[in-house]
Amino acid sequence: MPSPLIAEKYGSFFSVAREHQVIFYYVGYFSQHIVAAMADAVNLQLEVAGVPGPTRRKLFSSFIEMAQNIIHYSADTLAPPSPAGGELRHGSVCIRQEADGRFLLLCANPIEPRMAVELRLKLEKLRSMTLDEIRQAYRRTLREDAAPEGSKGAGMGFLTVARDAREPLEFDFDTARSAGESPVFYLKAAI
Amino acid sequence: MDNLYIAPTPSSPEVDFKFDVHTLSLRGESYPENAAAFYGPIIAQLKEYLAQQSGRRIVVNIALAYFNSSSTKMLFNSIEALNGAAEAGNQVQLNWYHDEEDDTILEFGQELSDDFPAIEFTNHAVRSA
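If you read the sequences in order, they're chains A and B. What the first sequence shows, in our numbering, is residues 1 to 191, in sequence order. What the second sequence shows, in our numbering, is residues 1001 to 1129, in sequence order.
Please keep in mind that the hints were generated in silico from the structure rather than gathered at the bench. This structure is a prediction, so every number in the text was calculated from the model and none was measured. A virtual CB, placed ideally from N, CA and C, is assigned to each residue, including glycine. One thing to keep in mind: the hints can contain errors.
When the alpha-carbon atoms are kept at most 25 Å apart in a straight line, the in silico SDA-like pairs for lysine to any residue are as follows [what the hints assert, rightly or not]:
1) K122(A) to N1034(B)
2) K1047(B) to D145(A)
3) K1047(B) to S1078(B)
4) K122(A) to A1036(B)
Chain B is faced by these chain A residues, among others (derived, beta-carbon under 10 Å) [unchecked claim]:
5) Y29
6) Q32
7) A39
8) D40
9) I64
10) E65
11) Q136
12) R139
13) G157
14) T160
15) P168
Residues from chain B shown here face chain A by an in silico Cβ test under 10 Å; the list is partial [what the hints assert, rightly or not]:
16) G1109
17) E1111
18) S1128
Turn these sequences into a full structure, and let the hints steer you where they fit.
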């Protein structure tokens, strides 16, 4: 016998996703393997949807940068961080398509409170830069001798996304969480 | 020194440095979890090899479909090392392969070519499968 309540109860979740033109959504733990598998899924999705090559490439690139930021920096880990990698951290990522055809890439993850200050400074600076300034900063950072302290990459992740985005990156923090819970960092890129 | 071979994974490239015949190749995708940890030892061996060469013709093939931000930095450091070897009297030929529709990789190759003039760059546009 069918359970009529299922569509009623859960249909709204799926239809909201459809309304928001969500083409990819993941919430859970991020590891290298998981990100690689998601990258495959996203790529296939975009190809099948007929998204032009250059846009697909930008989306893929931004997706990887955001997802790997979650792997490296989310405050919600399954195991103590180790320098050799193999980390498993929690966060979420979502790709939506707007009515005008552009794509929105959103990600969210808990972060250490002290990181919030750093991130805010970095991203506010980025927002104040023109595309040209972003490109120059990218080239300059590429040629610098060492990666920023605490960075497992070259410190160029945000610059890479900003360079491909149609507008300045948007970000926010949700610090109004219960005591003992880490603030949540949100990042939004329009591709 | 022994040749260096690292098999590709979905997120890291095949590294095929045939030091004995002076042909060094990098192929595939590059977005390892920790680019510094992946490329560090590779660049160290590359530098060790280059330090031993003089008046040598070295062929380098780079065919990467994608590289993330931290890999870009490592790549840059590698080409810089190769440029050093070229300036020291070796002949370094770099074959830069990219998908014919991929402007990002094409442009990065051109930037490398501009930044490191001692290296002989040849661009190869590859038709997508």
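Cross-check of the supplied hints:
For the suggested pair K122(A) and N1034(B), the alpha carbons sit about 22 Å apart, so the restraint of at most 25 Å is met. In summary, the hint linking K1047(B) to D145(A) is supported, as the alpha carbons are separated by about 16 Å, within the 25 Å threshold. Our distance criterion of 25 Å between C-alpha atoms is met by K1047(B) and S1078(B), whose separation comes to about 9 Å. A hinted pair counts as satisfied when its Cα atoms are at most 25 Å apart, and K122(A) with A1036(B) qualifies at roughly 22 Å.
Interface hint at Y29(A): violated, since its Cβ lies 14 Å from the closest Cβ of chain B, which is beyond the 10 Å cut-off. Interface restraint check for Q32(A): the shortest CB-CB distance to chain B comes to about 4 Å, inside 10 Å, so the restraint holds. Here the hint on A39(A) is kept, as its CB sits about 8 Å from the closest CB of chain B, short of 10 Å. For the restraint placing D40(A) at the interface with chain B, the shortest Cβ-Cβ distance is roughly 8 Å, inside the 10 Å limit, so the hint holds.
A least Cβ separation of about 5 Å between I64(A) and chain B falls short of the 10 Å threshold, and the interface hint therefore holds. A distance limit of 10 Å between C-beta atoms decides the matter here; for E65(A) the minimum to chain B is near 6 Å, and the interface restraint holds. Taken as an interface hint, Q136(A) does not check out: its beta carbon lies about 12 Å from the nearest beta carbon of chain B, beyond 10 Å. For R139(A), the suggested interface contact is upheld, since its CB lies about 7 Å from the closest CB of chain B, less than 10 Å.
Because the closest C-beta pair between G157(A) and chain B is about 5 Å apart, less than 10 Å, the hint holds. Because the closest C-beta pair between T160(A) and chain B is about 4 Å apart, less than 10 Å, the hint holds. Hint status for P168(A): violated, given a least beta-carbon distance of 18 Å to chain B, over 10 Å. Taken as an interface hint, G1109(B) does not check out: its beta carbon lies about 14 Å from the nearest beta carbon of chain A, beyond 10 Å.
Because the beta carbon of E1111(B) sits about 7 Å from the nearest beta carbon in chain A, less than 10 Å, this interface hint is met. Of the supplied interface hints, the one on S1128(B) holds, with its beta-carbon coming within about 8 Å of a beta-carbon of chain A, less than 10 Å.
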